[in-house]
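Student: Kindly generate the complete structure, drawing on both the sequences and the hints.
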Amino acid sequence: MEAKGLFNVARKEFIGHLTSKKFIVILGLFLIISALAMHQGMDYYNNRLENYKEQISQIKDVEGIEPGYMPEKPTIMLVFMFMSSYIMMLGAILAIAMGFDLVSKEKETKSLKSLLSCPVFRDEIINGKALGGTLALVFAMGTALLISLAMLLIFSIVPSMNELATILVFGIVSIVFLLAYFAIALMMSTVSGDSGSALIYTLVIFFILGSLLPLVGPTVAGMVTGEPPERPAFHIQHETDESEGPSIKEVSEEEMQQYQEELRAYWEKRRPITEAFNIISPNMNYQKISFLISNPQIYSAVYEQSSPFTSTGYFTGGGEAPGLQEVLGKVWKNILALIIFSVVFFAIAYVKFMRLDIR
Amino acid sequence: MLFQRKYVLALRRALYKYRYRKRSKGGEQEGEEMIKTENLTKEYNGNKAVDGLNLEIAEGDIFGFLGPNGAGKSTTILMLVGMIEPTEGKCIINEIEVARNPLKVKAIIGYLPEDVGFYGNMTAEQNLDYFARFYAMDANERKKRIEELLELVQLDGVSQKVGGYSRGMNQRLGLAQALLNDPKVLFLDEPTANLDPEGVFQYREQIKQLSDEGKTIFISSHILAEVSKVCNTIGIISKGTLIARGTLEELKNEFGRVGTENLRIIVETIEPLPEIEHEDIISAEYSEAKRKVVIESKSDLRDYISSELFEKGVKVKEMRMEEPTLEDVFLSVYRR
Ligand SMILES: Nc1ncnc2c1ncn2[C@@H]1O[C@H](COP(=O)(O)OP(=O)(O)OP(=O)(O)O)[C@@H](O)[C@H]1O
Ligand SMILES: [Mg+2]
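Keeping their order, the protein sequence lines are chains P and E.
Residue numbers for the first sequence follow our numbering, beginning at 1 and rising by one.
Residue numbers for the second sequence follow our numbering, beginning at 1 and rising by one.
No false leads were mixed into what you were given.
Computed beta-carbon distance windows for the label pairs:
no. : chain 1 : residue 1 : chain 2 : residue 2 : range
1   : E       : G52       : P       : V25       : 51 to 57 Å
2   : E       : E147      : P       : G142      : 34 to 40 Å
3   : E       : E43       : P       : L212      : 38 to 44 Å
4   : E       : D156      : P       : G28       : 32 to 38 Å
These are calculated hints, taken from the structure and not from any lab test.
By construction, the Cβ of each residue, glycine as well, lies at the ideal position given by its N, Cα and C atoms.
Tutor: Quick look at the structure:
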């Protein structure tokens with residue numbers, strides 16, 4: 001008896017989403033674009049794989065190579081990284097399109113009054129709407145992932161168990177990201193008087209969180225920390241490794257080390273500021289998570305070294321990618337932030353809906 | 001203006017008698033009390049939309065809730081059906097307090113809002129099925145009930161989505177949705193607002209039929225004629241307070257009797273009118289270059305006037321007598 005109303009609402013909402021024109025159109029567009037993006041991603045993946053194989057064979061040919069440098073074995077998650085940027089745009093728009101009129105439209109068409117004249121609790125209605133929307137987003141993301149898996153198989157790329165698990169995690173994180181925007185839209189729909197302003201305000205928030213914050217973060221960090229330390233006068237570092245040219249005399253070992261210390265300190269100071277801004281942007285959180293899932297090695301180089309570019313050159317990393325668990329260990333804060341986003345905005349929608357004046 | 005005040009007084013007298021009669025019988029009327037409000041009050045930003053309303057409606061009654069725009073009819077109904085919470089006081093339906101147990105009340109009532117709305121992207125059947133799922137009905141029951149109701153409101157065979165409905169169709173669907181759970185008590189907020197004459201006629205038949213089934217029906221309207229055709233008891237609300245309450249018969253009899261006390265005689269002539277004098281005349285208003293007069297009098301003076309005019313050689317174009325209608329009385333009550 002208790003949950004009957006909830007499931008009835010969720011069922012109707014779910015069917016309503018799947019049969020609505022805007023959902024079909026945006027999802028269709030999203031699927032087509034992400035399929036194309038995946039196609040691109042697969043080319044990229046194949047190239048990287050070729051490179052990797054070449055490098056491995058070279059390393060095997062050349063005896064006595066330094067063990068510190070190993071090429072990175074590409075994962076098929078690279079393919080999904082190409083998808084994630086479209087999820088951030090079109091996916092978010094889909095979630096917003098689904099949520100922005102859920103309550104306001106019912107107020108406008110007065111169907112809410114008819115609905116509330118039935119023996120149903122208000123919380124069953126708002127929870128049912130959230131549940132129905134979530135299921136529709138799961139459906140959308142599930143379809144996208146199924147299509148991508150099918151495409152992988154068509155291009156005879158067979159994911160390993162570990163990769164399948166990573167794809168699943170990617171899917172779940174994507175859904176949580178979409179939920180954040182769905183919750184914001186639902187909240188606006190409950191708070192605003194009409195659907196029009198609900199949409200506009202949701203888009204405003206979308207641009208603030210998605211575009212403004214990621215720009216503001218580095219700017220503020222730059223203002224706080226000032227200019228990065230001067231690099232000692234020398235040109236290409238790895239020349240020093242190969243040839244004993246006279247130019248290297250200009251930079252002493254200590255100078256170099258000191259510079260690196262300073263640079264590390266600089267980045268250490270800078271990171272918490274940018275991170276503080278990033279953690280309140282669903283987009284940045286999602287970007288970080290999906291980037292790390294698809295490029296664990298580059299990620300550890302970029303985000304965990306003292307600076308993006310160390311003295312040894314591009315990036316350093318082991319040949320083996322860190323396991324999924326290790327990756328999740330690094331981004332749990334971001335995943336949590338995404339979840340908190342959804343929960344907070346949904347909670348506002350809930351409280352507001354419970355007190356909504358029905359007239 | 002003068003004669004209107006008289007009717008107001010008469011109306012008050014009728015009210016008093018009604019109340020007195022009720023008290024003398026010890027409240028033991030034909031049916032049990034079905035709807036009751038106690039000191040019901042709703043405030044919006046300090047303004048009282050409904051102000052200390054005390055209403056009692058017996059089981060099986062068809063109650064007409066009359067009042068001008070903004071009187072607080074819809075607000076009262078919204079509180080009665082558990083849609084908004086009273087600022088003060090309470091509503092009791094079938095001995096259940098609405099604010100305490102809204103779901104239990106909603107299970108036994110039907111409500112047609114004044115501006116009823118549905119999901120435009122679904123058909124009438126789908127809309128009703130969605131709402132029906134909130135009541136304890138299995139799939140077969142739902143299907144049967146929805147078929148019956150759509151036939152009743154003559155929307156069967158309409159495959160169009162509700163978004164394309166006319167306002168009248170919408171309102172008829174609203175009645176069907178209010179009847180989904182075969183309610184004991186039915187609240188209809190201006191049910192005929194968007195109906196065509198044919199629709200109004202059918203609606204009246206439906207109300208009679210529903211009343212025969214023993215339902216208590218609460219109808220709000222600002223149109224007296226509408227209410228007087230179907231209701232057997234009436235309450236009048238103005239500025240949030242109940243200013244009159246009684247059975248239709250009581251109110252009618254009272255006004256029917258006093259109705260003969262004051263008359264309006266309207267005379268139009270071809271030549272200018274002479275001065276007409278008679279002790280029963282209360283006032284006379286000439287217009288249209290003395291070719292028209294509206295006389296207010298205590299008795300029917302048509303014989304006297306016509307012989308007067310005949311003597312003076314004034315040809316009569318039209319002469320008619322108007323008795324004040326109930327409408328006039330209610331208007332004056334409204335404007336109090
Ligand atoms: N949300 C609100 N905020 C402020 N005042 C309101 C609100 N809703 C209604 N009112 C006021 O309450 C009063 C009663 O309104 P209500 O809708 O009950 O009138 P009504 O008798 O149903 O009129 P009508 O015949 O026009 O339907 C009105 O004066 C209106 O201005
Ligand atoms: Mg009203």
